[in-house]
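J.: Sequence:
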Amino acid sequence: VQLQASGGGLVQAGGSLRLSCAASESINSFDIMGWYRQAPGKQREPVATITTGGRSHYVDSVRGRFTISRDNAKDTVYLQMNNLKPEDTAVYYCKARRVLRNLDYWGQGTLVTVSS
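In terms of my numbering, the sequence shown is residues 248 to 363.
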């Protein structure tokens, strides 16, 4: 399984970015797709997840600003990030999970830098 994350970059506070995660297999074969982030000197944390049924969850710090979505036809998951803040600066990772097999697959990270 390969997950290709893209869309990171440098943006000013208040700006927007959209991250994409393209999977090498059908995303319907994964129970949960998600975005995680790791800021310098901090542990990796979940940002947003979405199930095959379309149910989404967000960490409190991004709720109302970020939106996770999926395009099954393109086997791609997106993270629309609006009203970005400097504290959103991190490397963002895509993850796919197969629950029954207890398997996680990670993509390479994409760097998001928000300047104040």
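Source of the hints: derived by calculation from the structure; they are not laboratory data.
Yeah, the Cβ is synthetic: ideal placement off N, Cα and C, and Gly gets one too.
A couple of the hints might just be wrong.
Stated by the list, open to error - Simulated pairs of lysine to aspartate or glutamate, EDC-like, Cα-Cα distance not exceeding 16 Å: (1) K332 / D307; (2) K321 / E272; (3) K289 / D318.
As the list claims (entries may be wrong) - Taking CB as the label site, the calculated pair distances span: (4) K321 / S263: 26 to 32 Å; (5) G301 / A260: 26 to 32 Å; (6) W353 / T298: 15 to 21 Å; (7) G254 / R291: 14 to 20 Å.
J.: Now tell me, hint by hint, if it's right for this structure.
T.: Checked hints:
1. Distance hint between K332 and D307 is fulfilled; the C-alpha atoms sit about 14 Å from each other, no more than 16 Å.
2. For a cut-off of 16 Å, the pair hint linking K321 to E272 stands: about 10 Å separates their Cα positions.
3. Between K289 and D318 the CA atoms are separated by roughly 31 Å; this puts the pair beyond 16 Å, and the hint is violated.
4. Separation of K321 from S263 is about 21 Å and departs from the stated range, judged on CB atoms against 26 to 32 Å.
5. Distance hint check: the CB atoms of G301 and A260 are about 30 Å apart, consistent with the given range 26 to 32 Å.
6. A hinted range of 15 to 21 Å for the beta carbons of W353 and T298 is consistent with their spacing of about 18 Å.
7. The supplied range of 14 to 20 Å is met by G254 and R291, whose beta-carbon atoms lie about 18 Å from each other.
The structure fails to meet hints 3, 4 from the earlier list, while all remaining hints are met.
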